[in-house]
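Full structure from sequences and hints, please.
The residues making up each chain are set out below.
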Amino acid sequence: MTRTATVTTRTRSSTIAGMVAILLVLVGLILPAFASRSLIQDLFFILTMLTLAQLWNLIAGYGGMVSVGQQAFVGIGAYAMFAGVILWGWDPVPAILLGGVAAFLLAIPMAFFAFRLQGAYFAIGTWVIAEVTRLLVAQWKTLGGGTGTSLPREATSDIMGVATIARLFDLRDAAARDVLAYWLALALAVGTMAAIYALLRSRTGLALAAVRDNDNAARSVGVDARRVKWIVFLAASTMTGLVGALIYMQTARISPDAAFSVTTWTAYVIFIAVIGGIGRLEGPILGVLVFWGLQTAFADYGSWYLLALGILAIATMLFAPRGLWGLIADRTGIALFPVQRRLVTTDINKP
Amino acid sequence: MIWLDVIVQGILLGGLYALFATGLSLVFGIMRLVNLAHGDMIVLAAFIILLIVGSTGVNPFVAALLAAPLMFAAGWALQYLVLNRVLGKDILPPLLVTFGLSVALQNGMLEAFSADSQRISAGSLESASIDLGPVTVGTLPLLTFASAVAVIFILNRIFYTTALGRAFRATSDDPVTASLMGLNPKSVFAIATGLAMVIVTIAALYLGMRSNFDPSIGPARLLYAFQAVIIGGLGSLWGTLIGGAIIGVAQTVGAQINPEWQILAGHVAFLIVLLVRPRGLFPRAVD
Numbered sequence: 001m002t003r004t005a006t007v008t009t010r011t012r013s014s015t016i017a018g019m020v021a022i023l024l025v026l027v028g029l030i031l032p033a034f035a036s037r038s039l040i041q042d043l044f045f046i047l048t049m050l051t052l053a054q055l056w057n058l059i060a061g062y063g064g065m066v067s068v069g070q071q072a073f074v075g076i077g078a079y080a081m082f083a084g085v086i087l088w089g090w091d092p093v094p095a096i097l098l099g100g101v102a103a104f105l106l107a108i109p110m111a112f113f114a115f116r117l118q119g120a121y122f123a124i125g126t127w128v129i130a131e132v133t134r135l136l137v138a139q140w141k142t143l144g145g146g147t148g149t150s151l152p153r154e155a156t157s158d159i160m161g162v163a164t165i166a167r168l169f170d171l172r173d174a175a176a177r178d179v180l181a182y183w184l185a186l187a188l189a190v191g192t193m194a195a196i197y198a199l200l201r202s203r204t205g206l207a208l209a210a211v212r213d214n215d216n217a218a219r220s221v222g223v224d225a226r227r228v229k230w231i232v233f234l235a236a237s238t239m240t241g242l243v244g245a246l247i248y249m250q251t252a253r254i255s256p257d258a259a260f261s262v263t264t265w266t267a268y269v270i271f272i273a274v275i276g277g278i279g280r281l282e283g284p285i286l287g288v289l290v291f292w293g294l295q296t297a298f299a300d301y302g303s304w305y306l307l308a309l310g311i312l313a314i315a316t317m318l319f320a321p322r323g324l325w326g327l328i329a330d331r332t333g334i335a336l337f338p339v340q341r342r343l344v345t346t347d348i349n350k351p
Numbered sequence: 352m353i354w355l356d357v358i359v360q361g362i363l364l365g366g367l368y369a370l371f372a373t374g375l376s377l378v379f380g381i382m383r384l385v386n387l388a389h390g391d392m393i394v395l396a397a398f399i400i401l402l403i404v405g406s407t408g409v410n411p412f413v414a415a416l417l418a419a420p421l422m423f424a425a426g427w428a429l430q431y432l433v434l435n436r437v438l439g440k441d442i443l444p445p446l447l448v449t450f451g452l453s454v455a456l457q458n459g460m461l462e463a464f465s466a467d468s469q470r471i472s473a474g475s476l477e478s479a480s481i482d483l484g485p486v487t488v489g490t491l492p493l494l495t496f497a498s499a500v501a502v503i504f505i506l507n508r509i510f511y512t513t514a515l516g517r518a519f520r521a522t523s524d525d526p527v528t529a530s531l532m533g534l535n536p537k538s539v540f541a542i543a544t545g546l547a548m549v550i551v552t553i554a555a556l557y558l559g560m561r562s563n564f565d566p567s568i569g570p571a572r573l574l575y576a577f578q579a580v581i582i583g584g585l586g587s588l589w590g591t592l593i594g595g596a597i598i599g600v601a602q603t604v605g606a607q608i609n610p611e612w613q614i615l616a617g618h619v620a621f622l623i624v625l626l627v628r629p630r631g632l633f634p635r636a637v638d
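Here the protein sequences line up with chains D and L, keeping their order.
Residue numbering for the first sequence follows this note's numbering, beginning at 1 and increasing consecutively.
Residue numbering for the second sequence follows this note's numbering, beginning at 352 and increasing consecutively.
I should point out that these hints are in silico values taken from the structure, not numbers from a laboratory.
The reader is advised that the hints may include incorrect statements.
[Said to hold, decoys possible] Have a look at the derived ranges for each label pair, beta carbon to beta carbon:
#1 L:517 with D:216: 24 to 32 Å
#2 D:140 with L:525: 45 to 53 Å
#3 D:38 with L:475: 56 to 64 Å
#4 L:412 with D:252: 51 to 59 Å
#5 D:19 with L:463: 47 to 55 Å
#6 D:140 with L:412: 43 to 51 Å
#7 D:345 with L:533: 52 to 60 Å
#8 L:533 with D:331: 35 to 43 Å
#9 L:432 with D:330: 23 to 31 Å
#10 L:439 with D:333: 19 to 27 Å
#11 L:475 with D:140: 43 to 51 Å
#12 D:36 with L:463: 33 to 41 Å
#13 D:173 with L:428: 55 to 63 Å
Here the structure is a predicted model, which means the values were calculated and not measured.
Think of the CB as a built atom: it goes at the ideal place given N, C-alpha and C, for glycine as much as any other residue.
So this is what it looks like as structure tokens:
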């Protein structure tokens with residue numbers, strides 16, 4: 001009897017999840033035709049936070065590089081977009097790409113310095129560099145210095161595509177801008193998750209997991225640990241910069257303290273990943289929904305809410321270190337986006 | 352002579368940063384744990400001292416003496432009940448727990464003490480100064496620096512001449528073997544964190560008397576402490592003092608050139624040291 005063996009990551013639930021995901025994306029695309037403006041804004045928030053959480057999850061959860069300096073990329077991306085619009089008269093949408101470029105350029109020195117620090121000190125090292133970036137940007141007087149600035153009216157009033165959207169859905173310009181931002185956020189979220197999933201299923205993804213689990217052992221089997229870390233860190237930083245630029249295109253108002261806020265762009269993002277489940281793609285999806293629910297219900301309580309969020313994150317690490325999705329997966333064995341490789345043998349003599 | 356004065360002020364300021372850093376260094380040295388809530392703990396201790404001074408009217412130094420056992424207990428409990436559960440090979444859980452704690456502490460203090468700036472009144476000590484020939488230095492900064500030297504000296508004595516210090520070193524090197532010799536690593540860790548919180552109380556006393564503080568300033572203190580530790584080299588307490596002095600001098604020199612550059616100059620000094628000597632100036636530990 002002859003048997004062939006193939007390695008696969010596919011499971012039955014992943015096939016279903018894949019179809020549901022495609023369906024959801026399609027629904028998401030046509031949603032602006034009938035959804036209210038506030039729903040579109042909520043979804044914009046959810047999608048951008050989800051993308052940030054997935055990116056943090058990639059470098060920390062899969063790569064073992066626990067960064068507390070993600071706000072550096074959000075901030076520099078947003079400021080680069082503003083610079084493109086205000087200083088060089090770009091349209092805000094292509095100017096978002098400048099955000100990605102700026103984040104990439106910042107990620108190179110950040111990685112260069114932070115990779116010199118081991119383990120936990122890496123975390124604070126990234127934080128220091130984010131602070132340095134914030135202080136430097138606050139010196140940039142043409143973009144408002146420490147108090148910040150707004151996108152000029154003439155730039156926001158004729159963003160490419162907004163007029164078409166306004167006509168298509170019969171909306172006012174402000175609402176049409178939200179729709180445009182929402183579509184871009186959807187594209188970034190789907191693109192990021194698809195890219196991360198593809199990466200994790202590739203050789204590089206395997207190498208990344210090996211480096212996280214044991215640096216030396218990974219190197220002993222020929223994995224170039226430094227190279228893998230650099231690639232993932234630069235890619236995630238660039239994407240974070242794009243998200244930052246998109247968020248501030250929608251906000252249209254920026255200040256160094258808000259754009260480089262460690263609470264908003266790193267603490268919230270980490271909570272989303274921790275509560276949902278670190279080191280798996282499903283985690284941040286569940287996490288962002290929980291976070292959005294808590295935010296909607298309790299954000300009025302201000303610092304009490306943040307206090308509770310901090311305690312919730314501690315409790316999650318203590319009692320369910322793999323997050324809510326970890327609990328679900330342990331009970332049911334479901335993996336919507338499986339990356340575990342399994343050996344499947346088939347009997348080729350069978351008819 | 353202005354620059355000599357600036358540099359002396361910077362070195363004395365470095366004493367305060369060394370006090371911030373010593374607790375962080377102690378905890379990291381023994382259990383490889385970086386407490387991201389360290390800065391917020393300093394602010395918490397400052398508020399406790401302020402409360403004791405406000406309610407009993409005692410001298411701030413006496414208040415710190417009363418606050419120290421409270422902070423020791425808080426540190427001991429935090430380590431024993433929470434952090435010990437997440438310590439392990441994976442650095443992610445303890446980092447995230449202390450990050451959560453940092454956010455919780457900041458907001459808890461915001462609710463309890465409001466966002467108003469506070470200061471621990473030190474009476475005549477605030478304006479007292481000593482004439483040292485070419486420069487005149489404030490008594491309080493000098494006292495801060497002397498306390499940093501004393502704390503580091505005593506800590507080194509504890510480490511290398513007492514049974515407790517031996518327990519610290521043994522547990523740090525190999526917790527499993529240490530527990531075979533009759534030590535309980537969990538309570539050794541708890542005592543270490545408690546001790547770090549006593550040092551945090553001393554740092555808080557000088558922080559609160561020197562400048563205004565509010566619930567949001569913790570993270571910046573954490574960054575200064577961390578920079579002092581890295582510049583000095585992991586595992587070297589005297590190195591931490593020099594690291595603190597370097598950050599202090601960079602800040603005062605930066606502020607002298609342009610007041611907006613004070614904090615930035617400290618960060619840049621740190622990055623330069625990291626560039627030239629990635630393992631710090633006086634590295635001892637190999638990790």
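### Query
If you check the beta carbons of residue 475 (chain L) and residue 140 (chain D), does the distance land in 43 to 51 Å?
holds, 44 Å
### Message
Quick check: does the Cβ-Cβ distance between residue 19 (chain D) and residue 463 (chain L) fall within 47 to 55 Å?
### Response
Given a distance of about 51 Å, which is inside 47 to 55 Å, the answer is holds.
### Task
With 19 to 27 Å as the target window, see if residue 439 (chain L) and residue 333 (chain D) comply at their CB atoms.
Given about 25 Å between the Cβ atoms, the range holds.
### Query
Does the hinted range 51 to 59 Å hold for residue 412 (chain L) and residue 252 (chain D) at CB?
holds, 52 Å
### Message
Just to be sure I understand the hint, the distance between the Cβ atoms of residue 432 (chain L) and residue 330 (chain D) should be within 23 to 31 Å; is that true here?
### Response
Holds - the Cβ-Cβ distance for residue 432 (chain L) and residue 330 (chain D), about 25 Å, lies within 23 to 31 Å.
### Query
Measuring from beta carbon to beta carbon, are residue 517 (chain L) and residue 216 (chain D) in 24 to 32 Å?
holds, 30 Å
### Cβ distance range 33 to 41 Å for residue 36 (chain D) and residue 463 (chain L), holds or violated
With a Cβ separation near 40 Å, residue 36 (chain D) and residue 463 (chain L) satisfy 33 to 41 Å, so the hint holds.
### Outcome for the supplied range 52 to 60 Å, where the beta carbon pair is residue 345 (chain D) and residue 533 (chain L)
holds, 53 Å
### Task
Mind checking the hinted window 56 to 64 Å against the Cβ distance between residue 38 (chain D) and residue 475 (chain L)?
Distance hint for residue 38 (chain D), residue 475 (chain L) holds at roughly 60 Å.
### Task
Evaluate the given range 43 to 51 Å for the C-beta pair formed by residue 140 (chain D) and residue 412 (chain L).
Roughly 45 Å apart at Cβ, these two residues keep to the hinted range, so it holds.
### Task
Given the range 45 to 53 Å, decide if the beta-carbon distance of residue 140 (chain D) to residue 525 (chain L) lies inside it.
holds, 51 Å
### Task
For the range 55 to 63 Å, tell me whether the beta carbons of residue 173 (chain D) and residue 428 (chain L) fit it or not.
This hint holds: roughly 57 Å between Cβ atoms.
The structure shown violates none of the earlier numbered hints.
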